[in-house]
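Undergrad: For reference, the chains in residue letters:
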Amino acid sequence: MFSWKEIPIGAIVTAPGSAKEYRTGDWRSQRPEWDLAKCIKCGLCYIYCPDASIGWKQDDGYPWWDEYHCKGCGICANECWTKAIHMVEETE
Amino acid sequence: MAKKVGTEVSFAAAEAIKLANADVIAAYPITPQTHIVEKLSEYVADGDLDAEYICVESEHSAMSACCGSSATGARTFTATAGQGLELMHEVLTIPASSRLPMVAAICNRALSGPLSVWGDHSDMMGVRDTGWVQIVAENGQEVHDLLISAFKIAEHKDVMFPVMVHMDGFHLTHVIESIIIMDQEEVDKFLPPFNYDHKLDPDSPVSVGTYGPPHIYPEIKKAQEVALTNSKETIKKIWKEWGDMFGRHYNPVETYKSDDAETILVTMGSFSETATLAIDKMRAEGKKVGLIRLRLWRPFPFAELRDAAKSADNMVVLDRAISYGGPAGPLCSEIRSAFYQMKKRPQVVSFIGGLGGRDIAPEEFEEMITKGVEIAKNGSENEYEMLGVRE
Ligand code: SF4
Ligand code: SF4
Chain A
1 MFSWKEIPIG AIVTAPGSAK EYRTGDWRSQ RPEWDLAKCI KCGLCYIYCP
51 DASIGWKQDD GYPWWDEYHC KGCGICANEC WTKAIHMVEE TE
Chain B
1001 MAKKVGTEVS FAAAEAIKLA NADVIAAYPI TPQTHIVEKL SEYVADGDLD
1051 AEYICVESEH SAMSACCGSS ATGARTFTAT AGQGLELMHE VLTIPASSRL
1101 PMVAAICNRA LSGPLSVWGD HSDMMGVRDT GWVQIVAENG QEVHDLLISA
1151 FKIAEHKDVM FPVMVHMDGF HLTHVIESII IMDQEEVDKF LPPFNYDHKL
1201 DPDSPVSVGT YGPPHIYPEI KKAQEVALTN SKETIKKIWK EWGDMFGRHY
1251 NPVETYKSDD AETILVTMGS FSETATLAID KMRAEGKKVG LIRLRLWRPF
1301 PFAELRDAAK SADNMVVLDR AISYGGPAGP LCSEIRSAFY QMKKRPQVVS
1351 FIGGLGGRDI APEEFEEMIT KGVEIAKNGS ENEYEMLGVR E
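Going line by line, the protein sequences match chains A and B. Going by my numbering, the first sequence opens with residue 1, and the numbers climb by one from there. Going by my numbering, the second sequence opens with residue 1001, and the numbers climb by one from there.
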């Protein structure tokens, strides 16, 4: 962690893409879980995720989940029309 | 060669910005600042100043445009007053924390309501804690000189803060004075081009004004506060350089016959010049009175003030703003707290006057000093006295 003496002038961030290092997933109280047997690979969860925490697996085309940045909002579970996603309590 | 001309102070202000070769001016016209920005837009339209003049739709936008402009490394200027400064307020804290140098001329105007276009310091006090360097001018020459030197202060690598130069609305902005207008060559010698190390540049990207979660916010604030406090030494150095080059000297605390004074009057802004008349008269009568004018409002010049007032038993402070329902006037409160820890400290008495453009005559300054000494001796049940209000 920075001491106040190490703060760059104006708290400017000089490394591009550094927001990635901030793990917003730490805020989560619930996490989505997938039942891939019900998933039809429609991509709605990917479109709706406000944190860009869902992507696509190259090999099988199923959704991929970014556990470091997902804030656990539950939107994906709400939008998935085949109910392939449900929210469970975050215990980690 | 610099030349002495009779000119409206607002025009001398605009001339200063032209001489400083500002790159971007973003401003919204508001009385009594209008003549400054009108003149600047003329300079730009006529090709006399190679700058981008952004006609914004509000002061909020003006300050937002200034932040962006400064972040690209452009020399940036704006001007406003009263409610305009209030509308700008939300954005004012941003260039201070992001350390974006720029200069703003504030043509001090009373805050509404009732609606007033005339001068006092209520707008200045409203933006006290926005983190800007704040300098107060007393006459037209100071407006001209302090605006040019404000760019050097703002952009100095040991400062890197936005700077406000306060000038009293109408009492300064709309009067015609004899002012030495600087010569371009001289200004160029004094003021180097703005060179911003972290400017927005696609080849070397930076993020300005990012998010500061709890684990970093207090560290950022401390770094900002220490930098602002430390900027005082650089400000003094730059003013000394100006004095050495051009013979007009500026200090964080200006004094007038205060060396051996038992009672010191404290003022800020254009009324200080009127106050000197009262001091002269009382001195001629053998009274040991003197005057201190605060030029640097932020960072507050604690050491210089304590030193300037070391002979004083009494200090009588004029505020041109009210802290509603609070203690003395804001300037007086700060002067009091500057002395509170001292073993030998003067009695500090608060007067509030000159609100909403009301004049204060030399005789009233005299009455204020006399009454102030009496209150210092006998006390008063009022937190402050209000000057010249009809009963
Ligand atoms: S819970 Fe919210 S943040 Fe997490 S993956 Fe689903 S939509 Fe994205
Ligand atoms: S919304 Fe449901 S069905 Fe569609 S891809 Fe996401 S998990 Fe699969």
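Hints are computed from structural coordinates only; laboratory data are not their basis. Treat the hints loosely; a few may be bogus.
What the hints assert, rightly or not - Simulated DEER-style distance windows between Cβ atoms:
1. B:GLU1052 - A:LYS5: 33 to 39 angstroms
2. A:LYS5 - B:ASP1203: 37 to 43 angstroms
3. A:LYS5 - B:ARG1390: 51 to 57 angstroms
4. B:PRO1192 - A:TYR48: 18 to 24 angstroms
5. A:PRO16 - B:PRO1192: 25 to 31 angstroms
6. A:GLU21 - B:ASP1046: 31 to 37 angstroms
7. A:ASP26 - B:LYS1236: 35 to 41 angstroms
By construction, the Cβ of each residue, glycine as well, lies at the ideal position given by its N, Cα and C atoms.
Undergrad: Each hint: holds or not?
TA: To see whether the hints hold, each was checked on the structure:
1. B:GLU1052 - A:LYS5: 33 to 39 angstroms: Since the Cβ atoms of GLU1052 of chain B and LYS5 of chain A sit about 37 angstroms apart, the hinted range of 33 to 39 angstroms holds.
2. A:LYS5 - B:ASP1203: 37 to 43 angstroms: violated (29 angstroms)
3. A:LYS5 - B:ARG1390: 51 to 57 angstroms: holds (56 angstroms)
4. B:PRO1192 - A:TYR48: 18 to 24 angstroms: Violated, since PRO1192 of chain B and TYR48 of chain A (Cβ atoms, about 53 angstroms apart) do not stay within the stated range.
5. A:PRO16 - B:PRO1192: 25 to 31 angstroms: holds (30 angstroms)
6. A:GLU21 - B:ASP1046: 31 to 37 angstroms: With Cβ atoms ~51 angstroms apart, the hint is violated.
7. A:ASP26 - B:LYS1236: 35 to 41 angstroms: Cβ of ASP26 of chain A to Cβ of LYS1236 of chain B: about 47 angstroms, so the range 35 to 41 angstroms is violated.
When held up to the earlier numbered hints, the structure conflicts with 2, 4, 6, 7 and fits the remainder.
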